[in-house]
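Enquirer: Letter by letter, the chains look like this.
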Amino acid sequence: MSKQQIPRRHDIGRALGALALILNLAACGGGTESEAGARIAEARSTIASARSASSGAATAAVTVPSTDGRLLASNCSQCHGTLGTSGFGEIRGSDSSELTEFATRTANRNIMAAHAQGYTPEQLQAIAAYLRQ
Amino acid sequence: MGLAAGGLTAGLLPLKGWAGDDEDDKIPSASSTSVAALASTGLSGQRIVVAGGGMAGMTAAKYLRLWGGSGVQVTLVEPDAVYTSSIMSNLVLNGSRNIDSLRFKRDALTTKYGVVRKAGQVVAVNASARTVTVSDQSVLPYDRLVLAPGVSFDDAYGLTQADYETRTPHAWRAGAQTTLLRSQVAAMRNGDIFVMTIPKSPYRCPPGPYERACVVADYLKRAKGPNCKVLVLDENLAIQAERHTFELAFSTLHAGVIEYVPGVSHIVIDPTTRRVSYVDPVGGTQVVPARVVNPIVPHRANGSVAGGWLARAGLNNSADGRWANVDVLSYESTAPGALGIHVIGDAASCDMPKAGHVANQEAKICADAILRLLAGGQPFARPVANSACYSPITATTASWLTAVYQHDATERKMKVASNGGQTLVNGMPAAATESSSIDGDNFENMSIWFRTLMADTSA
Numbered sequence: 000m001s002k003q004q005i006p007r008r009h010d011i012g013r014a015l016g017a018l019a020l021i022l023n024l025a026a027c028g029g030g031t032e033s034e035a036g037a038r039i040a041e042a043r044s045t046i047a048s049a050r051s052a053s054s055g056a057a058t059a060a061v062t063v064p065s066t067d068g069r070l071l072a073s074n075c076s077q078c079h080g081t082l083g084t085s086g087f088g089e090i091r092g093s094d095s096s097e098l099t100e101f102a103t104r105t106a107n108r109n110i111m112a113a114h115a116q117g118y119t120p121e122q123l124q125a126i127a128a129y130l131r132q
Numbered sequence: 000m001g002l003a004a005g006g007l008t009a010g011l012l013p014l015k016g017w018a019g020d021d022e023d024d025k026i027p028s029a030s031s032t033s034v035a036a037l038a039s040t041g042l043s044g045q046r047i048v049v050a051g052g053g054m055a056g057m058t059a060a061k062y063l064r065l066w067g068g069s070g071v072q073v074t075l076v077e078p079d080a081v082y083t084s085s086i087m088s089n090l091v092l093n094g095s096r097n098i099d100s101l102r103f104k105r106d107a108l109t110t111k112y113g114v115v116r117k118a119g120q121v122v123a124v125n126a127s128a129r130t131v132t133v134s135d136q137s138v139l140p141y142d143r144l145v146l147a148p149g150v151s152f153d154d155a156y157g158l159t160q161a162d163y164e165t166r167t168p169h170a171w172r173a174g175a176q177t178t179l180l181r182s183q184v185a186a187m188r189n190g191d192i193f194v195m196t197i198p199k200s201p202y203r204c205p206p207g208p209y210e211r212a213c214v215v216a217d218y219l220k221r222a223k224g225p226n227c228k229v230l231v232l233d234e235n236l237a238i239q240a241e242r243h244t245f246e247l248a249f250s251t252l253h254a255g256v257i258e259y260v261p262g263v264s265h266i267v268i269d270p271t272t273r274r275v276s277y278v279d280p281v282g283g284t285q286v287v288p289a290r291v292v293n294p295i296v297p298h299r300a301n302g303s304v305a306g307g308w309l310a311r312a313g314l315n316n317s318a319d320g321r322w323a324n325v326d327v328l329s330y331e332s333t334a335p336g337a338l339g340i341h342v343i344g345d346a347a348s349c350d351m352p353k354a355g356h357v358a359n360q361e362a363k364i365c366a367d368a369i370l371r372l373l374a375g376g377q378p379f380a381r382p383v384a385n386s387a388c389y390s391p392i393t394a395t396t397a398s399w400l401t402a403v404y405q406h407d408a409t410e411r412k413m414k415v416a417s418n419g420g421q422t423l424v425n426g427m428p429a430a431a432t433e434s435s436s437i438d439g440d441n442f443e444n445m446s447i448w449f450r451t452l453m454a455d456t457s458a
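So the protein sequences, as listed, match chains C and H. Start counting the first sequence at 0; every next residue gets the next number (numbering that gives the first Met the number 0). Start counting the second sequence at 0; every next residue gets the next number (numbering that gives the first Met the number 0).
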């Protein structure tokens, strides 16, 4: 009786790694693969499959793209919608200079200025880069 | 390689196909025919249980699926199919809104994101076995547990839970008590007194009680006459949020109606006669014959009372045992033995105000951290949270309050930041920003903010 090779989770994870990265970003609404790829290359970390005893599920050795920009941009969803396409206005495809321009406005007269001024310039760039995808 | 074909192709659904964000205010529920595009992450088989379907729990369940992908199983333990928003519920008290307009179905979490809803409540947490027991006796195993149980209200000032439901509502969780309080306010006559109490911080929604005082005072002036009084008995020493706005509102817009008394203690309320006695800031005992009493009573993390499920699991580890202390990078409990248990929303003690829109953001930080941890990584080291809220001051005008919170790595706390993300400005801690005016534009924007927040949370 021949022994069948059972595909193991981390093998499949590696095989799907590259495709998963691009689709992960595509799931958030499209964008150029080269931009995404460049960002992924910077932030990529291949995760070891060793798992702490704390989880019952086997670890998938997945290559996880940086979600930093996405998490920071999720602050915007309360007013601009989960996808950034509703509420007080569409913010997808925004230029980062639109965000930094709020730094010059008076915070207590403009809620978006008050908001933008709570972030560092680097954070605003990361948010804008994510929204441009 | 037929693995998770659905999960992969889900990433290719067009953006427009499921926007679902443009709902109007009338009992919003997302179209049940549209399915969200979930991320493709390669995660598979992880089981996450989310306990509690309020602002924190709904957002966590949604984003765990949206960002985690179809391989991450998310079960939301929540008894009700419909959520009633406490945000905006003060506009039921002045007759501007019907409570129906504050009801949001939870079904989109299932139909759009594939969250499994378990109808029931968590009654026990077994941290070592990594299971929760639900009120229907079922046992759910988890790899990660997110507790978002909200708050419970103390029996206080001589009152009981039955008094809150039938005679002296706190209406600090929207629902039947809101409509009861509305009917009581609507039945007031010129010259009557509305007495409300504010508990010592921390309590949910810091500006909320002052907002309620404004909205009720405005209604009484317009509908009943100039001689009603709104007596605000605050156990705190000063207005807890939007101090500038509310001092202005109390002293100008609502002068002659609102009387604000900070620093009170020893409140005692008779639920039958509605006589309210208290000790004023200079030690004198005062007695007031109220027509309507609205005690916003002290509250604490749900399950944290002695013998409660949260307490039995040792998760109410704040100094006074009323809240759950957490690591603000991941919202994981800091209680010993609580590995893999996260607490978000009002129940958590996390340096930020207890409020629904803050809970929405905590949930996203928590979800992102859990997914990174499940993939063998670490939580994001510099999360940012935000708090943006509008408060009605009359039936047609509103103010707003905004704060952005940065993580201070030295103190391991979230702190208000301004002036380009700085937590110290000219040597002083950064402060939240209050709107410079109370106006109609803010009031209109408030509706957009609320609608969009609820869609981001539940649709």
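Treat the hints loosely; a few may be bogus.
With a straight-line Cα cutoff of 20 Å, these simulated DMTMM-like cross-link-like pairs (lysine to aspartate or glutamate) come out [said to hold, decoys possible]:
(1) H:K412 <-> C:D67
(2) H:K414 <-> C:E89
(3) H:K223 <-> H:E246
(4) H:K199 <-> H:D142
(5) H:K228 <-> H:E246
(6) H:K199 <-> H:D326
To be clear, the hints were calculated from the coordinates, so they are not data collected in a lab.
Enquirer: Hint by hint, note whether the structure agrees.
Expert: Checked hints:
no., hint, in the structure
1, H:K412 <-> C:D67, "holds (19 Å)"
2, H:K414 <-> C:E89, "violated (29 Å)"
3, H:K223 <-> H:E246, "violated (24 Å)"
4, H:K199 <-> H:D142, "violated (37 Å)"
5, H:K228 <-> H:E246, "holds (17 Å)"
6, H:K199 <-> H:D326, "violated (24 Å)"
Of the numbered hints stated above, those contradicted by the structure are hints 2, 3, 4, 6, listed in ascending order.
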